[in-house]
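Engineer: Below are the chains, spelled out letter by letter.
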Amino acid sequence: MADLIVHIVVPIAIFTFIAAFTLFAVYAERKIAGFVQDRLGPMETGKYGLVQTIADILKLLQKEFITPSAADKILFSIAPVVIFGAVFVGFSVIPWAPDFIPANTHTGLFFIMAVVSIDAIGILMAGWGSNNKYALLGSVRAIAQMVSYEIPVGLSLIAAVMITQTLNLNDIAYLQGINSPENIYFMGFWDVTHIGGIFAWHIFQAPHLLVVYVIFFIASLAECNRAPFDIPEAESELIGGFHTEYGGIKFAFLFLAEYAMMFLVAILGVVLFLGAWNTPLPNIGSLRLADWTTGLGWGITWTILKSFTIVGIQMWIRWTLPRFRADQLMTLCWKVLIPLAFVCLAISGLWRIMVML
Amino acid sequence: MTIDLLLFYAFAAMAIGSALLLVNIRNTARALFLLFIVLFAMAGLYLFALADFIAITQILVYVGGVLILLIFAFMLSNKELLHDLQSVSHRFITIPRWQALIISGAFLSVMLYSVISWSQTMPEWIESAQMAGTVISPSDNNIQALGFRFMTQYVLPFEIISIFLMMALIGAAHLSRKEQHT
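Taken in sequence, the protein lines are chains F and D. Numbered according to the working numbering, the first sequence terminates at residue 358, and the numbering increases by one at each position without gaps. Numbered according to the working numbering, the second sequence terminates at residue 187, and the numbering increases by one at each position without gaps.
Everything labelled a hint here was simulated from the structure, so no lab data went into it. Take the hints with a grain of salt, since some may be wrong.
Claimed, not checked - One side only, chain D facing chain F, incomplete, derived with CB under 8 angstroms:
{"#": "1", "residue": "T33"}
{"#": "2", "residue": "R35"}
{"#": "3", "residue": "F38"}
{"#": "4", "residue": "F41"}
{"#": "5", "residue": "A56"}
{"#": "6", "residue": "D57"}
{"#": "7", "residue": "F58"}
{"#": "8", "residue": "I61"}
{"#": "9", "residue": "V68"}
{"#": "10", "residue": "V71"}
{"#": "11", "residue": "L72"}
{"#": "12", "residue": "N147"}
{"#": "13", "residue": "I148"}
{"#": "14", "residue": "I168"}
{"#": "15", "residue": "M171"}
What the hints assert, rightly or not - Taking lysine-lysine and the DSSO-like style, the derived pairs with C-alpha atoms no more than 30 angstroms apart in a straight line are:
{"#": "16", "chain 1": "F", "residue 1": "K74", "chain 2": "D", "residue 2": "K84"}
{"#": "17", "chain 1": "D", "residue 1": "K183", "chain 2": "F", "residue 2": "K134"}
{"#": "18", "chain 1": "F", "residue 1": "K74", "chain 2": "F", "residue 2": "K32"}
Even glycine gets a Cβ: it sits at the ideal position worked out from N, Cα and C.
I would like the entire structure built from these sequences, with the hints used as guidance.
Structural biologist: In structure tokens, the structure reads:
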């Protein structure tokens with residue numbers, strides 16, 4: 002029975018976190034947009050506009066359910082649930098702190114890749130169900146983009162996994178800090194197993210993993226349809242893409258899914274490349290900074306801090322760069338990122354055989 | 006009744022129910038999305054057979070790839086053709102479908118035979134595996150064992166499949182190439 006309660010409490014806790022994160026992130030996004038565009042952003046509701054997003058969500062929740070008369074009613078109403086569900090399930094294998102993980106499976110990373118691809122079906126469902134040209138065009142563009150960019154994401158993840166030799170995200174996290182069961186070498190020559198900190202993170206364990214992380218970051222931006230890859234939404238041409246017809250709580254769910262996806266790819270990048278819950282502070286002689294800042298509370302703090310930093314960078318990029326053209330998007334994916342990812346994959350294999358053994 | 010058993014029957018009911026609905030529904034778009042539910046429920050059933058790798062691959066390949074391809078094919082196909090497909094006879098069994106009747110009858114008899122014969126005695130290979138202790142448990146690292154097998158015992162089939170995929174990829178690239186106007 003206790004097991005059952007855990008299985009109910011954990012998803013609710015994660016959902017609450019995602020909802021709170023979305024409220025916070027929308028506010029942060031508007032403030033960052035304001036800063037980049039040299040204006041103030043929301044200022045009216047509450048001190049510095051702090052309760053603006055709460056007012057927004059209250060407005061969305063009170064709205065009437067509107068289904069277009071020509072829409073496919075069932076697909077139209079299921080789509081937001083499928084989209085959000087796909088992203089939400091992905092959180093089940095993410096480690097937050099040492100051994101503090103909802104589902105400690107041996108196939109964690111593979112599982113995330115699979116469930117995130119369900120997202121694409123949901124988007125297609127929304128686009129088709131709306132029975133609207135713009136929505137359908139937006140969803141077709143979204144699928145073309147997501148399917149293409151799944152390849153560089155997958156290849157960059159494989160390049161990292163070849164170094165870790167495990168798909169278990171909990172084990173991957175352990176391999177990047179002072180609690181590591183194996184020896185860690187900074188760039189392959191300096192033993193940092195007992196020093197830990199920032200030097201033990203995966204991006205510094207092999208020089209090419211830095212490149213791999215950049216590939217992963219760019220491709221994951223495209224996976225969650227964020228600017229500069231927001232061609233599916235393209236307000237100026239497609240008036241919002243696949244969620245044109247959505248309003249009220251259904252739109253709130255789509256919005257929640259978008260921000261949850263942003264956080265999911267950010268935390269996935271953190272777990273795989275940026276040391277997961279491991280501290281960035283190294284042990285310096287008798288100053289055991291890494292030993293002091295490792296543990297349950299510290300782990301959660303570091304995970305969230307690092308992920309929020311990455312989400313912040315995603316927002317910064319969104320408001321700085323203009324949108325890509327569709328052909329530029331595909332050129333970047335197929336002619337730049339994928340060949341580069343393949344080269345990194347080959348280097349990973351050689352690195353594992355030549356340097357790590 | 007334990008939670009596992011309940012989940013198993015829920016997945017099984019979902020798979021069978023949506024598969025039956027899938028073959029009877031007249032709206033092709035909805036049928037394709039029902040196929041998604043069938044494939045998803047099948048992946049759930051694979052989990053109960055301790056085949057977690059197969060389950061995830063099923064979702065990744067069929068839901069993330071094949072199904073999207075099917076939906077695109079549906080969207081790009083001719084409206085008249087789809088209309089013909091949707092306006093077939095209402096009756097469940099018609100003369101043009103007698104081949105289907107034979108196939109389904111054959112499958113039913115195979116399944117009935119296996120259910121009847123297996124419910125009385127355990128198959129010999131299961132008993133011998135239990136004796137020898139070569140059974141997997143839910144906490145085993147299946148994916149690692151699978152990887153070792155792929156790279157040692159089954160390396161030839163594995164490589165042949167990769168060559169096949171390579172051929173398909175090259176073929177697709179060739180077909181989608183622009184025609185040379187000379």
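Engineer: For each hint, tell me whether it holds in the structure or not.
Structural biologist: Results for each hint:
no.	hint	result
1	T33	11 angstroms, violated
2	R35	7 angstroms, holds
3	F38	6 angstroms, holds
4	F41	6 angstroms, holds
5	A56	11 angstroms, violated
6	D57	5 angstroms, holds
7	F58	6 angstroms, holds
8	I61	5 angstroms, holds
9	V68	6 angstroms, holds
10	V71	11 angstroms, violated
11	L72	6 angstroms, holds
12	N147	7 angstroms, holds
13	I148	5 angstroms, holds
14	I168	17 angstroms, violated
15	M171	13 angstroms, violated
16	F:K74 with D:K84	21 angstroms, holds
17	D:K183 with F:K134	28 angstroms, holds
18	F:K74 with F:K32	37 angstroms, violated
Figure legend: structure checked against the earlier numbered hints; hints not met, in rising order: 1, 5, 10, 14, 15, 18.
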